[in-house]
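**Q** Given the sequences, and given the hints that come with them, work out the whole structure.
If you read the protein sequences in the order shown, they are chains A and B. Counting with my numbering, you get residues -6 to 220 for the letters of the first sequence. Counting with my numbering, you get residues 1124 to 1205 for the letters of the second sequence.
If you're looking for bench data, these hints aren't it; they were derived computationally from the structure. This structure is a prediction, so every number in the text was calculated from the model and none was measured. Virtual Cβ for every residue (Gly too), placed ideally from N, Cα, C. Any given hint might turn out to be false.
Pulled a few chain A residues facing chain B out of the computed Cβ check, cut under 7 angstroms [to be verified]:
#1 Trp62
#2 His134
#3 Pro139
#4 His203
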Amino acid sequence: MSEAAQPDANRPTGSGAQTDEWAMIAALRNGEEAAFTALVNRYHATMIRLAMIYVSDRSVAEEVAQEAWMGILRSLDNFEGRSSLKTWMFRILTNRAKTRATREGRSIAFSDLWSIDQEPDEPVLEPERFLPSDHAQWPHHWATPPQSWAAVPEERMLSQETRALVQGAINTLPMSQRMVISLRDIAGWTSEEVCNVLNITESNQRVLLHRARAKVRRALERYLNEA
Amino acid sequence: MTTENPLTCKELADLVTEYLEGKLSPADQQRFEEHMDMCPPCRIYVDQINQTITLTGALKEDDIPVHIQDALLDAFRAWKRV
Ligand SMILES: [Zn+2]
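**A** Laid out in structure tokens, this is it:
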């Protein structure tokens, strides 16, 4: 039998992410502290971020995240892998956060939170960036085209100031847009994971992401193309 | 060969996320790419959206305070003993 045909317990089967996940679960069930610490480092800040959608302030969100870890440990032996570990963990987190919000008397209709109908239908670019629709030659082509950033020095692009600008632009987004861009582009989640945890449709998720990225680009444009 | 119904720049800007997410129909994807091929400002726009994604990705989540890490680790050790 050739080497390649041998089943090998150490060789990943299926997707890498799935293999990593089962290795992580086995390590946790074995009581390996390094595995737990890695998981906490990977997800705790995102848990607080998500909890803050539901509860009043950051200190409560931190408590909710800690409670969620306790809930995760208590249920870990029952985890069957019907969803990803990440999705499962964040469901525990959002359930805790909702319970806490109810106890705090914050009875927001959570489904409304994610409805894009709730948001003003703002254009992501100022309408005057484009020529009018009845323009003889170039209807809806650029009136004020974006200026390339190729001449921006790399050290400015990667500076602390630029980073603060991006963070500031994200902070001013409506909550739903801020959450989606944070999960997708900072935490690196897939659209499927975001939809599962936030319980929104893929097209809603995409609209929120689209608006968020366009506004952050616009903020960068103002900043990088000035002087 | 070009498609019958070319995109405008405004339409391209509206579709950029669907394009980057691979959600356009093959026909619309072709219209999108044909427009980019002939329109330098739209190439710049798509490139800037990609740079925006990269710069956002460089942001870091907050570090976890040591006392919270310790508290969680204590909980893990207690759980292990049960
Ligand atoms: Zn164009």
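**Q** Which hints, by number, does the structure contradict?
**A** Violated hints: none; all satisfied.
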